[in-house]
Structures are given as structure tokens and as C-alpha cells.
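Given next are the chains, with one letter for each unit.
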Amino acid sequence: NTIATYLASTSAQGEKEAGSTDIEKAEVAQWLTLSAKFAEDKSSLETLNSHLETRTYITSPISPALADLIVYARLQPIYAADKSLHHTLINLTRWFDFVQNNESVRAAIEKASIDLPVVEIDLSAPKQERKKVE
Amino acid sequence: MPQQDQIVLTVAQKGSPVAYGPLLAASFINADNVLPPVSIRYKEAALIVESDKSSNVSLQGKEGDVIYGVENVAKALAKGCPDAKLYGKREELVDEWLAFSARLAGDFKSVLPALEELDHHLQLRSVLVGYSLTVADLVIWGAIKGSTIAVGAIKKNALTNISRWFSFIEAQPHVYQAVDAMQKEINLKKKTKTASKSHTS
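Residue numbers (this note's numbering), protein chains in the order written: chain A, 1 to 134; chain B, 135 to 335.
It is worth saying that the hints were derived from the structure and are not from the lab.
The beta-carbon is built from N, C-alpha and C at its ideal position, and this holds for glycine as well.
Do not rely on the hints blindly, as some may be mistaken.
[Unchecked claim] Label pairs and their computed distance ranges (CB to CB):
no., chain 1, residue 1, chain 2, residue 2, range
1, B, Lys318, A, Ala36, 45 to 51 Å
2, A, Ile114, B, Ala315, 38 to 44 Å
3, A, Pro117, B, Val183, 52 to 58 Å
4, A, Ser113, B, Lys243, 52 to 58 Å
5, B, Ala179, A, Pro126, 42 to 48 Å
6, A, Ala36, B, Pro247, 39 to 45 Å
7, B, Gly264, A, Lys37, 30 to 36 Å
8, A, Lys37, B, Ser301, 27 to 33 Å
9, A, Ala112, B, Val285, 40 to 46 Å
10, B, Ala315, A, Thr54, 24 to 30 Å
11, B, Pro170, A, Ile23, 39 to 45 Å
12, A, Glu110, B, Pro247, 40 to 46 Å
13, B, Ala315, A, Glu46, 38 to 44 Å
[Stated by the list, open to error] Here are the computed lysine-lysine pairs in the DSS-like style, where the Cα-Cα straight-line distance is at most 30 Å:
no., chain 1, residue 1, chain 2, residue 2
14, B, Lys279, B, Lys243
15, B, Lys327, B, Lys148
16, A, Lys111, B, Lys223
17, A, Lys111, B, Lys219
18, B, Lys279, B, Lys213
19, B, Lys177, B, Lys219
20, B, Lys223, A, Lys83
[Stated by the list, open to error] Here chain B is said to cover these stretches of chain A; the calculated rule only asks that three of the stretch's residues, wherever they fall, bring their Cβ under 8 Å from a Cβ of chain B:
no., stretch
21, 56-64
22, 87-94
23, 99-107
When you get a sec, could you build the whole thing from the sequences and use the hints?
Below, the structure written as C-alpha cells:
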């Protein structure tokens, strides 16, 4: 994916974000493989949605990393085209909106003159069913 | 003694709750080396001023003026150091959450509905206001951290959105470093006390 590679290389921390250890590299590769199937396989979206239930970013605990940038670039056209997904994949939507509005992510997109406009998200989420812990 | 032109934050280390929010705000301000640092002190007591129940924290300004209470102090720090961007872009929304933090200090019955409201707010949001950390996140995080009732209620009721957000805030270096620094200071005081006791006996 040229867009994502370019995005990563233009962002200031590009190299660091690519993952310095083998485990990190494998993690990134895992999400790249999964996100390549987004358009034809809806279960891939659900897999990432579950992953993000307990996480703010895909791999890093504190800031957007390479996996976030690439997966965001792949999801953007899907989320722009199908708004019905926004409130069915709640965790994915929360992550997507946080990444697309991140200041450094937007700066990298502008610097690279990539066409990834912000997708408007309705933040008034539906009430959630909650499982009680006994 | 602090210099005349220094801002001094004093946290009552036995506060109920401990004023973590202002402590974290000071930690973020001090991390930005361009700003004049906030001097952080700890008082070995529950209150800074015994007669004032809101005084689990105080802030002494450059002119020597002193204010008390988590909400007042957090606001003054964020406003006084605008370069730290602790107010984000929506000041009025941040203020609403600062006021909300008082609802997390009650008993289980009153805390639970507040937590459920917070959890719902965090369903589609990674931070409380906008798309960057603000003093609202720090103060609400601090209010939960300082309340065993709130921590217990979050676990018992599986408030997953709060849990995720709480870990995200906790993972920020300026957050855990500030909490660690305070714990170290408390441990050090304990050690010194034990040492002097055994010396006199």
C-alpha cells in the first residue's frame, strides 16, 4: 500500500513506528494482512473492532503508530462510503475518529498531499448493552 | 523557601481523596521545558488548611496569592500556562467535566450513575473533550484513582469504556511519573521517620 508507506515515511517518527523488535514487526504485519481484506470480508472489520474494545490504538499504548496509519488509510474510503457501519462497529469508529483527527496524522496527510478527507462521525452513540460481572 | 516569582503546588498526601488531578497537570506543565516549572510540595496531612475541607490541594501564585481545591487549582494551572494546551480547543466543555469530577467523590449509590454517564460518553471518544488530552482527562482520572469506591464500581459493572480510557491516561509518561514521584516522596518520609524513631529509642 503506497499511501500508507508514504504516510509512515513522512511522519516524523516513521522509522520508530515501523517497529523496532521482531514482535512489533509481526504485530504490524498481522494488521496489514487483516486490513487488506476489509473491502471483501466484513469479519475482518469485526476482528479489529473487538481488538479495540480495550485499546485506544492498535499496537501502541500511547500514540498512533504505523499500524494505525495504514489501517486508517484503508478504512477511510469504506467509512466514507458506508455510514451504516459507524454505529455498528463502535470501537472501530472511536479509534477511526481519534486517528483521523490526530494533529500529527492530519499534518502528515497534508504534507503528503494525500486525499483522505475527515469522515464526519455522529458521536451521539446508541446505548450499549452491558454484561454484568457477577 | 520558594522564590518569590515561583508557582507552588502543595498536595496533601493524606488527602481524601488525594488531589491527583492538579499534580498531573503540574507534571504536564513541567514536562514542557519552555514554561517556568511549577514547584511541587507534599504536606503530610489530610488538608492544607484544617478548617477548609476542600483544601486537599493548594496553589500559590507568583504574587503569593493562594487558592484551594482540585477544581480551582486545576483551572488556574491550565489557564496560567496556556502553552501546555491543557484546555484544548473547547474550554467550556473542559470546565463542564471539571465540575462533573465532584460527582465521583460520593458513596457507591451516587457515584455509579456518574460513572455510567462517563462510560457512555467514552463509547465513541478516546478522550473526554476533542481529540487531545486536556486537564479534564487528568482531573477525572485523578478523581477515580483517588476513590476506591469508583475503582470498585468500574470493575464490578464492567464499565469497559472507562477502563480502556483509564489505562490510556495511566500509560502517559507524565502521568505515571508524577504518581511514582509522589509515592517515592511518601516512602522516603516514612523511612526517615522510622530511622529517627529507632535512633531515639
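Against the structure, test the hints numbered earlier, and report the numbers of the ones violated in rising order.
Nothing - there is no hint that the structure violates, so all of them hold.
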